[in-house]
Amino acid sequence: MAVKVSLKVNGKSISAEVEERTLLVTLIRENLRLTGTHVGCDTAQCGACTVSMNGKAVKSCSMLAMQAEGADVMTIEGVAKPDGTLHPMQAAFKEHHGLQCGFCTPGMVMNAIDFAKSHANPSEQEIREALEGNLCRCTGYHNIVKAIGAGAKAMAAGK
Amino acid sequence: MNAPLIGARIERKEDYRFLTGAGQYTDDVELPRQSYAAFVRSPHAHAVIKKISIEKAKASSGVLAIYTGEDFAAAKLGGLPCGWLITDVNGQPMKEPPHPCLAQGKVRYVGDHVAIVVAETSEQARDAAELVAVDYEVLPAVVDGSKARAKGAPQLHDIAPDNTCYVWAIGDKAACDAAFAKAAHVTKLDFINNRLIPNAIEPRSANGSYSRADDSYTLYVASQNPHVERLLMTAFVMGLPEHKVRVVSRDVGGGFGSKIYLYAEDVAVTWASKQVNRPVKWTSDRSEAFLSDAHGRDHHTVAELALDKDGKFLAMRVKTTANVGAYLSTFASCVPTILYATLLAGQYKTPVIHCEVTAVFTNTTPVDAYRGAGRPEATYVVERLVETAARELKLDPAEIRRRNFITEFPYQTPVALLYDIGDYNATMDAAQKLADVAGFSKRKEESAKKGKLRGLGYAAYIEACGIAPSAVAGALGARAGLFEAGEVRVHPTGSVTVFTGSHSHGQGHETTFAQVVADRLGMPIENVDIVHGDTSKILFGMGTYGSRSIAVGGTAIVKALDKVIAKGKKIAAHLMEAAETDVEYDRGVYTVKGTDKKKMFGEVAFAAYVPHNYPHDKLEPGLNENAFYDPLNFTFPAGTYVCEVEVDPETGVVKIEKFTAVDDFGKIINPMIVEGQVHGGLTQGIGQALTEGCQYDATGQLLTGSFMDYSIPRATDVPFYQVDTRETPCTHNPLGVKGCGEAGAIGAPAALMNAITDALGVKDMPMPATPQTVWQTLKNKKAA
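Chains as they are written, first to last, in this note's numbering: chain Z, 123 to 281; chain V, 9 to 792.
Where hints are given, some of them may not hold.
Below are the SDA-like pairs computed for lysine to any residue, each with C-alpha atoms no more than 20 Å apart in a straight line [claimed, not checked]:
no.: 1; chain 1: V; residue 1: K663; chain 2: Z; residue 2: Q247
no.: 2; chain 1: V; residue 1: K155; chain 2: V; residue 2: T707
no.: 3; chain 1: V; residue 1: K21; chain 2: Z; residue 2: E217
no.: 4; chain 1: Z; residue 1: K216; chain 2: V; residue 2: I18
no.: 5; chain 1: V; residue 1: K441; chain 2: V; residue 2: K457
no.: 6; chain 1: Z; residue 1: K268; chain 2: V; residue 2: P774
no.: 7; chain 1: V; residue 1: K663; chain 2: Z; residue 2: E254
no.: 8; chain 1: Z; residue 1: K203; chain 2: V; residue 2: Y24
no.: 9; chain 1: Z; residue 1: K216; chain 2: V; residue 2: E19
no.: 10; chain 1: Z; residue 1: K216; chain 2: V; residue 2: T707
no.: 11; chain 1: Z; residue 1: K126; chain 2: Z; residue 2: M188
no.: 12; chain 1: Z; residue 1: K134; chain 2: Z; residue 2: E152
no.: 13; chain 1: V; residue 1: K666; chain 2: Z; residue 2: E246
no.: 14; chain 1: V; residue 1: K320; chain 2: V; residue 2: P422
no.: 15; chain 1: Z; residue 1: K268; chain 2: V; residue 2: K441
no.: 16; chain 1: Z; residue 1: K216; chain 2: V; residue 2: R451
no.: 17; chain 1: V; residue 1: K21; chain 2: Z; residue 2: A202
no.: 18; chain 1: Z; residue 1: K268; chain 2: V; residue 2: E131
no.: 19; chain 1: Z; residue 1: K268; chain 2: V; residue 2: K789
no.: 20; chain 1: Z; residue 1: K216; chain 2: V; residue 2: M680
no.: 21; chain 1: Z; residue 1: K268; chain 2: V; residue 2: P727
no.: 22; chain 1: V; residue 1: K21; chain 2: Z; residue 2: P210
no.: 23; chain 1: Z; residue 1: K203; chain 2: V; residue 2: L139
no.: 24; chain 1: V; residue 1: K21; chain 2: Z; residue 2: L208
no.: 25; chain 1: V; residue 1: K402; chain 2: V; residue 2: L322
no.: 26; chain 1: V; residue 1: K626; chain 2: V; residue 2: T603
no.: 27; chain 1: Z; residue 1: K134; chain 2: V; residue 2: V122
no.: 28; chain 1: Z; residue 1: K126; chain 2: V; residue 2: E131
no.: 29; chain 1: Z; residue 1: K216; chain 2: V; residue 2: G15
no.: 30; chain 1: V; residue 1: K21; chain 2: Z; residue 2: K134
no.: 31; chain 1: V; residue 1: K567; chain 2: V; residue 2: V539
no.: 32; chain 1: V; residue 1: K66; chain 2: V; residue 2: L139
no.: 33; chain 1: Z; residue 1: K178; chain 2: Z; residue 2: N132
no.: 34; chain 1: Z; residue 1: K126; chain 2: V; residue 2: T129
no.: 35; chain 1: V; residue 1: K663; chain 2: Z; residue 2: E246
no.: 36; chain 1: Z; residue 1: K216; chain 2: V; residue 2: R157
no.: 37; chain 1: Z; residue 1: K216; chain 2: V; residue 2: A30
no.: 38; chain 1: V; residue 1: K666; chain 2: V; residue 2: L322
no.: 39; chain 1: V; residue 1: K21; chain 2: Z; residue 2: A213
Just so you know, these hints were derived from the structure itself, not from any lab.
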């Protein structure tokens, strides 16, 4: 049965007709055509689908679209400034070569931004533990860990 | 003039789009009137299909069509071809059983394709696929390669008795046996090189569309080599002319080998798009990826090394059974032979080597090249043997290697390869220093005080990259050329678009290749864009695998650049009213010898497109050149890895304390990107040794079919790496480059297992060294 959901995505109010079983990630990718949010697994392990919902990083493959009713969702497309300037965490990933194929990257960045809000100067161990729910097959995490450390500092410094 | 770009750590041009969600992966492509496909897959490892009932599924909501193997046979669609013919020990061709896109009467592994369902939405396609009723007569299955040839084993293919694809050998057996007979010492190991599942984070996806308007097809597909995909699909499976098929692989989310191959799904959606006259898209979910992406490794090997009393290697004897799965995937046959046994000399002067490989069919997912492809398996053989021999002879493991290192080049190995250059002592020296091997014994004591076991292990690997001289590959059975193509299109106002047959799925070619071009043309890197992954734009391409892109694809671009610069020289000579022989070129500037006359490259480009003052009698206007480059030899990246671990004997947990990698990749274009490639390779190698092990049960059910059962490394499993390089430039390509994509995955497993066995004080133990396996190994040791 089709249901109507209304929510805010990247600052814009939207509503859509979806099936009851439609996942939030499906709404984002297929209904809204925001394809920066990716699907890398079907068991909530890889984190490629991570978006921000009401300020917290969530896995959009593990929620129904209906559960986002009234929520304020931000996807990777909404992270950079309106003029295209990268967010400090995005800039840190670029500077530290924290991405290769780019597929896990949106989820990594969304998770890292949420993590950095409460960790202005995180240790290596804290960052690695924070990445428990995000898989990357390309980078070996080395440069992702460095990027998140630098990005967190830059965010704290208000850059 | 701009600062040199070759050797510079330049941030990647491609990053902005990936960081802002603007990448264009295959599943992101949505075409007008898009329809969606789902596949009905076999739940059994081995069964006869007695009946397929599709009526109920066909009546399901939104279903457009359902096709089975019968439909494909009626349409005369061919099977999936194997691209490499191996000739066996008796001079006979390998057994190539039919590999139908959709099963013909029999299924041979869990996940084998039975039917394709096309519907208005992907959910409707999946719902309907569940309604397809298949009546199976289940047969006994064989999953273990070592048991495939046993008497009474279930037989997969009528044309392959004893499930044997081939028995192949290389080297002088009689000389090898003679050397063993007089050896002072023989080291022997018997082990499994564990089966791995590649797991690029982007699942495979294919979106086929047919245009009645011009009777042509477009296939968007996550592929590492779109032209090869097109060639195989048109010429061997669908019987179509190539000019009627366009294959596009724009952004691809990791490959590691698994996206080299032509898969059944790619053919099925392309063919179905004509039948339903709508674009048909299929995207794998992760469960399907575990079942249907080609797996890697899966060798059972008995290996022996003969030594004299001083630890000098006299001979090596290797017998391997390679499990190729249920069917021959695109390059399955060359991986455990040509890409494996030829690497058994390693970095050493072993004078005689013999290797026999038996490839067998089993009721498992097809096995093909996975990052390293044969070379990690070879390195594991050589480096586990060498380390074990050192321990048995009570020699320092670095010293035994140094006594046997090849030091003079070129060097002809006894297993066909001709190493052009290397300096193995240099990488060993640097690695020992960076890893602080001298301080290891003190650290070991500290660990012992805490009740922990500390171990150190080396791997001095070599690989053959830059695949491949086509004539050599052809003589060895390749059914394709292995050159690369490039095109340099200079625009009227001097900016440049480069088209490459190489394919980037994370490697950063848009930056590395642009550095090469911008450096040679003396222009900012922003003025150069690299285009890949579209057969309608790129003249031809053999794609990216085997760490070949910079050595082969990069050289093709350099050859095209040479032609651009040479034509520019003629134009510049005309503009400066000088003899061509007096004109010199250096990074964007043409000058006349002995004068202050000069023309910038941009001025020359402009003259080529606005040819008012132009040597029309000698030259065509325009500045656009292409080149094909067929390499003269393989390249031979090599290096030394040192791994240091601490093992908790109570829990069996292995902690990697230090991982040091010193590689010789020849000249390096962008060190930042190269380091990233090493980090990623090391992590996949560590995954093989520590966390990843594909497991089937005896009936052929995949037990490790999700990220919850099959453990690819997470951030907490790996350390910060210590990486460095030494440089002996490749002697036979103009950039002096060798390739770096696979090294980490090739060297890491042996280094890690050498370290763990050192810590535990055991001769050998199986990969992956999970806490349970380590704990059990220690328990067995105590009991013994």
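Hint by hint, here is what the structure shows:
1. K663(V) x Q247(Z): Holds, at about 14 Å.
2. K155(V) x T707(V): Measuring from Cα to Cα gives roughly 13 Å; hence the hint holds.
3. K21(V) x E217(Z): 11 Å, holds
4. K216(Z) x I18(V): 10 Å, holds
5. K441(V) x K457(V): 25 Å, violated
6. K268(Z) x P774(V): 33 Å, violated
7. K663(V) x E254(Z): Holds, because 17 Å separates the two Cα atoms, which is no more than 20 Å.
8. K203(Z) x Y24(V): Cα-Cα ~13 Å, so holds.
9. K216(Z) x E19(V): Given pair K216(Z), E19(V) holds - Cα atoms ~7 Å apart, limit 20 Å.
10. K216(Z) x T707(V): 47 Å, violated
11. K126(Z) x M188(Z): OK: K126(Z) and M188(Z) at ~8 Å, within 20 Å.
12. K134(Z) x E152(Z): Given pair K134(Z), E152(Z) holds - Cα atoms ~17 Å apart, limit 20 Å.
13. K666(V) x E246(Z): 15 Å, holds
14. K320(V) x P422(V): 16 Å, holds
15. K268(Z) x K441(V): Measuring from Cα to Cα gives roughly 24 Å; hence the hint is violated.
16. K216(Z) x R451(V): Judged against 20 Å, a Cα distance of about 37 Å means the pair is violated.
17. K21(V) x A202(Z): 17 Å, holds
18. K268(Z) x E131(V): Roughly 40 Å between the alpha carbons, so the hint for K268(Z) and E131(V) is violated.
19. K268(Z) x K789(V): Roughly 40 Å separates the two Cα atoms, so the pair is violated.
20. K216(Z) x M680(V): 11 Å, holds
21. K268(Z) x P727(V): Roughly 12 Å between the alpha carbons, so the hint for K268(Z) and P727(V) holds.
22. K21(V) x P210(Z): OK: K21(V) and P210(Z) at ~17 Å, within 20 Å.
23. K203(Z) x L139(V): Measuring from Cα to Cα gives roughly 48 Å; hence the hint is violated.
24. K21(V) x L208(Z): Holds - the C-alpha atoms of L208(Z) and K21(V) are around 14 Å apart, at most 20 Å.
25. K402(V) x L322(V): Holds, at about 18 Å.
26. K626(V) x T603(V): Violated: K626(V) and T603(V) sit about 25 Å apart, past 20 Å.
27. K134(Z) x V122(V): 44 Å, violated
28. K126(Z) x E131(V): 18 Å, holds
29. K216(Z) x G15(V): 18 Å, holds
30. K21(V) x K134(Z): 30 Å, violated
31. K567(V) x V539(V): Holds. K567(V) to V539(V) sits at ~17 Å (cutoff 20 Å).
32. K66(V) x L139(V): Holds - the C-alpha atoms of L139(V) and K66(V) are around 9 Å apart, at most 20 Å.
33. K178(Z) x N132(Z): Within the cut-off at roughly 14 Å; holds.
34. K126(Z) x T129(V): 18 Å, holds
35. K663(V) x E246(Z): With a Cα-Cα distance of about 15 Å, the restraint between K663(V) and E246(Z) holds, given a limit of 20 Å.
36. K216(Z) x R157(V): 52 Å, violated
37. K216(Z) x A30(V): Cα-Cα ~15 Å, so holds.
38. K666(V) x L322(V): 33 Å, violated
39. K21(V) x A213(Z): 13 Å, holds
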